[in-house]
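Visitor: Line order of the protein sequences matches chains A and B. Heads up, the first sequence is in the working numbering, so the first residue is 634 and it goes up one at a time. Heads up, the second sequence is in the working numbering, so the first residue is 16 and it goes up one at a time.
In short, the hints are calculated from the structure, not lab data. We put the beta carbon where it would ideally sit given N, CA and C, even for glycine. Hints may contain errors.
Said to hold, decoys possible - Part of the chain B face toward chain A, derived, beta carbon under 7 Å: (1) Asn64; (2) Val67; (3) Met98; (4) Phe100; (5) Leu129; (6) Lys132; (7) Ala154.
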Amino acid sequence: MSNSNYSDTWKKPPFIVNPVLRWLIYVGSLVYFALAIGTMEINWTRVAEGLPRGLTLLSKFFPPNLADSRGVIVDGILESIWMAIISTIGGIILSVPIGLGAARNLSPKWVYLFCRSIIGVSRTFPEIILAIFAVKFFGFGPFAGFVALSIGTIGFFAKLLAEDIENMSKSQAEAVKVTGSSWLQWVNYSVQPQVMPRMIGLSLYRLDINFRESAVVGIVGAGGIGAHLLTSVQRYEYDTTATILISIIIIVIALEYTSGYLRKWVQ
Amino acid sequence: MLRLENVSKRYKTGDLALKNVSLEIPNGQVIALIGPSGAGKSTLIRCVNRLVDATEGKIQLGDTEITSLSSGELRKARRRMGMIFQEYALVERLTVMENVLSGRLGYVNFWQSLFRKFPKKDVKEAYRLLDRVGLMHMADKRADELSGGQRQRVGICRALIQDPEMLLVDEPTASLDPKTSRQIMRLINELCAERGLAAIINIHDVLLAQMFSQRIVGLKEGIIVYDGPPDGLTPEVLTEIYGEEDWEATIEDVDEEDDAPLVEVLK
Numbered sequence: 634m635s636n637s638n639y640s641d642t643w644k645k646p647p648f649i650v651n652p653v654l655r656w657l658i659y660v661g662s663l664v665y666f667a668l669a670i671g672t673m674e675i676n677w678t679r680v681a682e683g684l685p686r687g688l689t690l691l692s693k694f695f696p697p698n699l700a701d702s703r704g705v706i707v708d709g710i711l712e713s714i715w716m717a718i719i720s721t722i723g724g725i726i727l728s729v730p731i732g733l734g735a736a737r738n739l740s741p742k743w744v745y746l747f748c749r750s751i752i753g754v755s756r757t758f759p760e761i762i763l764a765i766f767a768v769k770f771f772g773f774g775p776f777a778g779f780v781a782l783s784i785g786t787i788g789f790f791a792k793l794l795a796e797d798i799e800n801m802s803k804s805q806a807e808a809v810k811v812t813g814s815s816w817l818q819w820v821n822y823s824v825q826p827q828v829m830p831r832m833i834g835l836s837l838y839r840l841d842i843n844f845r846e847s848a849v850v851g852i853v854g855a856g857g858i859g860a861h862l863l864t865s866v867q868r869y870e871y872d873t874t875a876t877i878l879i880s881i882i883i884i885v886i887a888l889e890y891t892s893g894y895l896r897k898w899v900q
Numbered sequence: 016m017l018r019l020e021n022v023s024k025r026y027k028t029g030d031l032a033l034k035n036v037s038l039e040i041p042n043g044q045v046i047a048l049i050g051p052s053g054a055g056k057s058t059l060i061r062c063v064n065r066l067v068d069a070t071e072g073k074i075q076l077g078d079t080e081i082t083s084l085s086s087g088e089l090r091k092a093r094r095r096m097g098m099i100f101q102e103y104a105l106v107e108r109l110t111v112m113e114n115v116l117s118g119r120l121g122y123v124n125f126w127q128s129l130f131r132k133f134p135k136k137d138v139k140e141a142y143r144l145l146d147r148v149g150l151m152h153m154a155d156k157r158a159d160e161l162s163g164g165q166r167q168r169v170g171i172c173r174a175l176i177q178d179p180e181m182l183l184v185d186e187p188t189a190s191l192d193p194k195t196s197r198q199i200m201r202l203i204n205e206l207c208a209e210r211g212l213a214a215i216i217n218i219h220d221v222l223l224a225q226m227f228s229q230r231i232v233g234l235k236e237g238i239i240v241y242d243g244p245p246d247g248l249t250p251e252v253l254t255e256i257y258g259e260e261d262w263e264a265t266i267e268d269v270d271e272e273d274d275a276p277l278v279e280v281l282k
């Protein structure tokens with residue numbers, strides 16, 4: 634037998650084969666990280682002063698003021714919920730055709746590029762910036778928030794829909810195509826069933842995001858609870874701030890549980 | 016009658032999958048297409064229903080020249096050709112009934128299909144076919160709840176409800192056990208005989224090919240190297256198609272004894 638000269642050690646081949654390049658990247662990353670920390674100029678005395686100040690601030694949050702004397706919190710929360718729901722629905726309605734167009738395996742090249750650029754533009758701007766423009770265009774109030782969140786939803790939903798369509802089973806799609814179906818029938822019978830569960834999960838997730846974002850866009854005047862949140866902080870009414878934050882947390886957690894449950898149910 | 020005239024297919028990668036293939040299949044004839052992987056069997060049947068477009072040559076079904084159809088005419092022509100797939104290609108999240116009825120998509124309008132309001136005679140025919148293959152009780156189950164053999168039977172129903180003139184069958188038994196493979200091949204054969212359908216069956220299993228077809232076509236590297244009766248498959252011919260191997264054990268008497276009657280099979 635000739636098994637005597639087999640090696641008895643083995644090492645996993647390195648991810649980056651060239652050793653010079655490999656070590657350059659390792660050392661380079663470390664140096665960059667060290668330099669980056671250096672530029673931050675952490676002032677430890679300020680950190681030391683700030684921490685107890687933060688604790689005093691936090692203590693002013695308690696007990697939360699549940700009285701809601703001006704009645705604005707309930708209104709603001711309801712407006713935020715309403716904004717989140719409408720903008721999620723509106724955004725998804727706009728997203729479906731764009732998502733279909735942005736799937737490479739469904740659309741001709743020019744439609745694909747056009748829809749991808751819409752998604753790209755929508756993803757470039759965070760909701761807060763979209764909201765600033767929406768407030769400039771349509772004035773203060775929840776309508777501006779609705780517009781901003783709907784546009785934000787397109788960038789999220791259409792992109793993920795398109796990617797899910799691109800990953801669908803090709804043979805199921807072919808099988809429906811060769812029955813002589815039209816394009817719409819084909820989408821309804823082979824594409825939709827394959828992407829539906831994920832789409833439902835994503836809609837609920839987006840509803841969750843839109844609710845949280847509605848608190849943010851309120852700060853620039855686009856309706857919802859955000860404006861009240863900002864006002865309460867500026868007036869040093871931290872007990873009211875606490876109530877608002879707790880309400881937001883409760884609603885987000887409730888949405889989280891509902892969406893988890895629904896996702897399991899549709900799969 | 017299906018007629019292929021000097022059909023060639025070159026893929027974008029430059030591979031020449033079919034080289035000047037000419038083939039004529041009279042009405043009602045079941046042929047088995049055998050050959051090694053990559054010989055162009057799938058490409059050939061996909062050229063017929065234009066899942067793949069032939070680069071050169073003509074394909075005619077009856078009086079229709081398939082290779083030059085517009086997309087609307089192609090949809091009409093596809094109704095005349097049922098296709099049965101290798102991995103069943105059922106839309107897994109649709110019910111068995113929806114999968115079968117999807118074979119009628121070329122005949123109904125979009126709204127009928129969207130609301131699942133198929134004409135009464137289509138629904139009746141779907142039930143009749145499901146009963147014929149022994150899956151009547153499965154109509155409302157989701158397709159992914161079925162076993163491999165059951166799925167393929169649903170695939171057969173979907174192809175037959177198109178009321179086609181011919182069947183294109185791509186490796187129908189590739190993922191089935193030997194017994195189920197025989198049952199499926201026998202079922203396809205019986206149904207073709209009942210309805211006078213022609214069929215091209217791509218198949219790897221030489222023995223099954225001999226048992227269940229009237230004519231065998233051997234394809235090698237895109238060229239037809241054998242076209243004749245099942246019992247003409249001598250070791251020399253198989254070597255010509257597949258290359259050198261001990262073929263004696265593969266070749267059987269064509270009059271294979273009938274195992275399990277169909278009724279029992281369908282449990």
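Visitor: Are the hints correct? Go through all of them and say.
Guide: Evaluated hints:
1. For the restraint placing asparagine 64 of chain B at the interface with chain A, the shortest Cβ-Cβ distance is roughly 5 Å, inside the 7 Å limit, so the hint holds.
2. Annotation: interface hint on valine 67 of chain B violated; nearest CB of chain A at approximately 10 Å, more than 7 Å.
3. Nearest Cβ of chain A to the Cβ of methionine 98 of chain B: about 5 Å, under the 7 Å cut. The hint holds.
4. Interface hint status for phenylalanine 100 of chain B: upheld, as the beta-carbon distance to the closest one in chain A is roughly 6 Å, under 7 Å.
5. A cut of 7 Å between beta carbons decides the hint on leucine 129 of chain B: the least distance to chain A is about 6 Å, and the hint holds.
6. Because the closest C-beta pair between lysine 132 of chain B and chain A is about 13 Å apart, greater than 7 Å, the hint is violated.
7. About 17 Å separates the beta-carbon of alanine 154 of chain B from the nearest beta-carbon of chain A, more than 7 Å, and the hint is not met.
Violated hints, in rising order: 2, 6, 7; the structure is consistent with all others.
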